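Visitor: With chain A fixed as given, assemble chain B with the ligands onto it according to the hints.
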Amino acid sequence: MKVEYRIYMGIGVFVLLITAVYFFWAKEYGGVTMLFGVAGLGIMPALYFGWWRKRMDPRPEDSETATIAESKGVIGAFPSNTIWPFVLGMGAFLSALSLVFGEWTLVIGGALLIFGAASVTLESRRGGVI
Amino acid sequence: MTIADERKDLSHDEGGHEHDHGGPKGIYLWLTSTDHKVIGKSYMYTSLVFMLIAGAMAMIIRAQLTGPNNHLVSQQTYNELFTIHGSMMLYLFAGPFAFGGFANYILPLQIGAPDMAFPRLNALSYWLFLTGGVTMLSGFFTSGGAAAFGWVSYAPLSSYSNAPGAGPDLWIVAIVLTGFSGIFTAVNLITTAFYLRAPGLTMFRLPIFTWNMIVTGMLILIAFPILTAAMIMLYADRHFGAHFFTVSGGGSPVMWQNLFWFFGHPEVYILALPYFGIVTEVIPVFSRKPVFGYKGLVFATLSIGALSTGVWAHHMFTTGTVLLPFFSALSLLIAVPTGVKVFTWIATMWGGDIEFKTPMLFVVGFLVTFVMGGVTGVMLAAPPIDFAVHDTYFVVAHFHQVLAGTAVFGGFSGFFYWYPKLTGRMYREGLGKLQFWMAFVGFSLTFFPQYIIGLRGMPRRVPVYLVSDHVTFLNQLSTVGAFLTGASFVVWLINMLISWKRPVAAGDNPWDGHTLEWATSSPPPHHNFVTLPPIRSARPLWDANHPEHADYKSPGHGVEFRDEEVNK
Ligand code: HEM
Ligand SMILES: [Cu+2]
Chain A
71 MKVEYRIYMG IGVFVLLITA VYFFWAKEYG GVTMLFGVAG LGIMPALYFG
121 WWRKRMDPRP EDSETATIAE SKGVIGAFPS NTIWPFVLGM GAFLSALSLV
171 FGEWTLVIGG ALLIFGAASV TLESRRGGVI
Chain B
550 MTIADERKDL SHDEGGHEHD HGGPKGIYLW LTSTDHKVIG KSYMYTSLVF
600 MLIAGAMAMI IRAQLTGPNN HLVSQQTYNE LFTIHGSMML YLFAGPFAFG
650 GFANYILPLQ IGAPDMAFPR LNALSYWLFL TGGVTMLSGF FTSGGAAAFG
700 WVSYAPLSSY SNAPGAGPDL WIVAIVLTGF SGIFTAVNLI TTAFYLRAPG
750 LTMFRLPIFT WNMIVTGMLI LIAFPILTAA MIMLYADRHF GAHFFTVSGG
800 GSPVMWQNLF WFFGHPEVYI LALPYFGIVT EVIPVFSRKP VFGYKGLVFA
850 TLSIGALSTG VWAHHMFTTG TVLLPFFSAL SLLIAVPTGV KVFTWIATMW
900 GGDIEFKTPM LFVVGFLVTF VMGGVTGVML AAPPIDFAVH DTYFVVAHFH
950 QVLAGTAVFG GFSGFFYWYP KLTGRMYREG LGKLQFWMAF VGFSLTFFPQ
1000 YIIGLRGMPR RVPVYLVSDH VTFLNQLSTV GAFLTGASFV VWLINMLISW
1050 KRPVAAGDNP WDGHTLEWAT SSPPPHHNFV TLPPIRSARP LWDANHPEHA
1100 DYKSPGHGVE FRDEEVNK
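Here the protein sequences line up with chains A and B, keeping their order. In the working numbering, each residue carries its 1-based index in the first sequence increased by 70. In the working numbering, each residue carries its 1-based index in the second sequence increased by 549.
Keep in mind the hints are simulated off the structure, nothing from the lab. Check each hint, because a few of them may be wrong.
[What the hints assert, rightly or not] So the derived label-pair ranges between C-beta atoms look like this: (1) B:PHE753 to A:MET114: 22 to 32 Å; (2) A:THR103 to B:GLY1006: 33 to 43 Å; (3) A:SER133 to B:HIS792: 53 to 63 Å; (4) A:GLY100 to B:MET608: 35 to 45 Å.
Note that this is a predicted model, so its numbers are computed, not measured. By construction, the Cβ of each residue, glycine as well, lies at the ideal position given by its N, Cα and C atoms.
If we strip away everything but chain A, and leave its shape as in the complex, we get:
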């Protein structure tokens, strides 16, 4: 996790420096706002990774000498086939189209979104995954 933490922190701090230079030189506050936001987008994930780093056991993928057989625990949940992402996608699509064609597509799209989101959550709860 150390490298992951450092690349995010590095970018965040670097952009913070650019922000400072820009602030004092250009005195144009739109750009300062955007740059400052970007610095935050670097530093916030960095803090998260840093926080985790202190709390997690050393991982075999961070070790130069780990063997393949060394990994322990669940590596992840990988669902088999499921239709819900498609339903969610169509829901988002139709909802977005309501910005062009009026509310009626939002009715269908919104219903699909709610239905899809609920189903996908239940699916994970039931553990429809390996």
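Guide: Using the frame of chain A, we list chain B with the ligands on its own:
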């Protein structure tokens, strides 16, 4: 289940797995798949289709420009064509082809992962991308026609009074949908690369391709939210009477340019970095050498990422509202890490045992084209030059050499390199080489003359010009080149058709590859790996196949490591 168990599991119940047995078939299988390989391929082929459609539009544009006062298409149609051509090439081809397609398919394989971290989110990304693309194209079927304000949709051109109708709104919706698809993919790829690496695969052993995708993902997470916000503001201006970008209501049109380019310049690197990653995989394999200066490349990529957030206003020099020295200096600075990359690519080839197969030829095309475009980019970063040629064909030539140099030459290099992995079949080498030479000659013929056209003062985005501009012949040359480039894609389609109808088995590792994606079968099984070689360097598979030349040297350990496999 541990990784080892999981992989052991896969080895003995291949085919008997619940997914393969009695599961969904045909189109329903495709609709419901969460396998990163299926999604990656869908992304790839969908974006290639979008590329062909946008390419056909380019042919119409070029045909219109063959004579000074042609009337092939109307002014309005011309505007729609270049807008949708540019938008599709950038938002629907160059980005998704690499980041949705290659990254999706290859990145989990390169790090020895069974799938992406969030497979269902991955599927959702694809559906948003597909519907976004359809939305953008559907603008042509509305009564007012598609959006016609250029891919940058500058205010006030994009206001409701200047661009009425549903077409522009469809364009905005399309950008938002594909934007979310990009954001989701970025989250997914970064999480995968951070959390699903195989044991021993430390960050500084990751293939450069994977590194570049991580940095691209970070840039997407910075840039796309700003684009989405800008689109929402634009929509509010158009329909809810907001005045973000209209002078009359106290807003500022230049604010749009600031927002757009704060997204737009990182976007340029979002489009380029993945292709840099691809060529950095191809060059070492076809030169039979490790990549030169691994850490230097990684830091170059990271500094390109960091610097690219601070250069947006070099697109706005001529507005007279920006701090010229600051943006000029940072823009020139960003050329340094880019130069480092070009240097390491050449140094990797230097003294190597280079084999000019099709993927490697495309790399050479990429290098030549990209360096040309890069050099003219450095010229444009100097305000005195930019003031002279801004919004002329000089700029058109510059960004085509950069963008199409990466997306087309880099993209096809990767396509031919990984095609055997994707399909298990080999393409036809002769046709691949023919395609390369046609594309390379055609492409150069299209865009070299455009530099001169631009220097002679022809502005971009105009359908007609004057005989007295002295650009007629150059424009005709450019059109001939464009059609030659177009024909090269026909050769590609023929190649695909032949290799599909008369398959030649490629084998699992036809190029003697270095990285883990070549350690599994072609195409890989469900959940990717049955066994993994030990990982002791950035080239684990090379080490396993060539222990006498392994990057990892440890007396007495070589053999022992080679035998160590998961299933024992
Ligand atoms: C055979 C290849 C191609 C040809 C012949 C071609 C030709 C053209 C032409 C003639 C224009 C209109 C210029 C104007 O009137 O201002 C244009 C615009 C553009 N093209 Fe291409 N193009 C090709 C490939 C690509 C690729 C691969 C990309 C990106 C990856 C791309 C991105 C753009 C963009 C961003 C614009 C600007 C659109 C705008 O002004 O809003 N093109 N292209
Ligand atoms: Cu730029």
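Visitor: Hint by hint, say whether it matches the structure.
Guide: Structure-based check of each hint:
no., hint, result
1, B:PHE753 to A:MET114: 22 to 32 Å, "holds (24 Å)"
2, A:THR103 to B:GLY1006: 33 to 43 Å, "holds (38 Å)"
3, A:SER133 to B:HIS792: 53 to 63 Å, "holds (57 Å)"
4, A:GLY100 to B:MET608: 35 to 45 Å, "holds (40 Å)"
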